[in-house]
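Using the working numbering, you'd call the opening residue of the sequence shown number 6 and step up by one each time.
The set of hints was computed from the structure by calculation and includes no laboratory data.
If you're wondering where the values come from, they're calculated on a predicted model, not measured in any experiment.
It cannot be assumed that every hint is accurate.
Stated by the list, open to error - Subject to a maximum C-alpha distance of 25 Å in a straight line, what follows is the list of computed DSS-like cross-link-like pairs (lysine-lysine):
| id | residue 1 | residue 2 |
| --- | --- | --- |
| 1 | K23 | K37 |
| 2 | K19 | K8 |
| 3 | K23 | K11 |
| 4 | K82 | K93 |
| 5 | K23 | K9 |
| 6 | K41 | K17 |
| 7 | K17 | K37 |
| 8 | K41 | K19 |
| 9 | K19 | K9 |
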Amino acid sequence: MAKKVKRRGEIKRKLLHKYRLVILNESTFEEKISFKLSRLNVFVTGSLCIIGLIGLTTLLIAFTPLREYIPGYSSTKLKREATELTYKTDSLVRTLNYTNRYLDNIRMVLRGDIENNEINRDSLFEKFKLDPSTVDLTPIREDSLLRAEVALEDKYNLFQRSPTGTALVLFPPLSGTISQHYDSEKKHYAVDVVAPRDSPIKSIADGIVIFAEWTADTGHVIIVEHREGLLSVYKHNGSLNKAQGDIVSSGEVIASVGNTGEFTTGPHLHFELWNNGSPVNPVDYIDFK
6 MAKKVKRRGE IKRKLLHKYR LVILNESTFE EKISFKLSRL NVFVTGSLCI
56 IGLIGLTTLL IAFTPLREYI PGYSSTKLKR EATELTYKTD SLVRTLNYTN
106 RYLDNIRMVL RGDIENNEIN RDSLFEKFKL DPSTVDLTPI REDSLLRAEV
156 ALEDKYNLFQ RSPTGTALVL FPPLSGTISQ HYDSEKKHYA VDVVAPRDSP
206 IKSIADGIVI FAEWTADTGH VIIVEHREGL LSVYKHNGSL NKAQGDIVSS
256 GEVIASVGNT GEFTTGPHLH FELWNNGSPV NPVDYIDFK
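The whole structure should be built from the sequences, with the hints applied where relevant.
In structure tokens:
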């Protein structure tokens with residue numbers, strides 16, 4: 006027990022033992038500055054300095070741009086910019102995919118090819134079929150009167166029904182004789198209208214020109230996009246009056262009749278009508294006489 010007390014006293018004496026740090030002039034040995042120190046004071050002062058340096062370093066890293074110079078550390082601004090670039094990249098990829106699909110549809114229109122997507126409607130509507138023997142199909146008087154009234158209204162209706170089912174005024178692009186009709190089995194998705202050379206060809210409705218170029222097979226070609234996914238295609242033109250990106254109005258002259266391209270036998274207009282990537286018979290919606 007006495008040894009422990011003696012050791013503690015020795016440690017306390019060493020910690021509190023006074024020392025003097027003196028700074029002298031080397032030439033004259035004149036005392037300039039002197040400090041009274043002890044081991045305890047040096048230890049406490051050093052500890053406080055280390056803690057202060059750690060705190061100051063933490064503050065600099067947390068609240069100043071110096072943290073960006075630490076290897077492996079990324080700033081909030083860089084993280085935000087990286088996130089924004091990721092969103093923009095994803096948006097550009099979606100836009101690119103949509104543009105590629107749109108261009109594929111335009112190429113399909115130019116080539117006159119469509120996909121054969123036949124669906125067995127009987128299998129889809131099998132559960133909705135009704136037995137005709139259980140249904141009374143005898144027309145009633147009100148039904149006959151309504152049919153007669155609707156037929157009379159349609160006879161004098163100037164507004165053709167568009168392929169999309171909404172009311173559109175479709176003007177004939179050209180008046181003439183149809184030399185070849187629409188025939189999906191022969192992949193002739195158009196009507197060929199014969200007319201004198203240089204006769205004006207007009208837009209069937211308001212729209213924007215999305216293609217106006219020369220092709221080896223069909224000569225001068227112009228394609229106009231109308232609302233609700235409707236496209237009108239004019240091929241074998243002698244010349245084009247509009248360029249890609251031009252806005253056209255109903256009945257506005259966009260081209261002239263010609264005999265250009267390899268797949269032509271004389272001056273005529275090869276006219277196609279497409280609805281959401283599928284061809285439709287133009288005669289069902291436009292009177293070419």
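Checklist entry - Checking against the hints above, which ones are violated? => result 7
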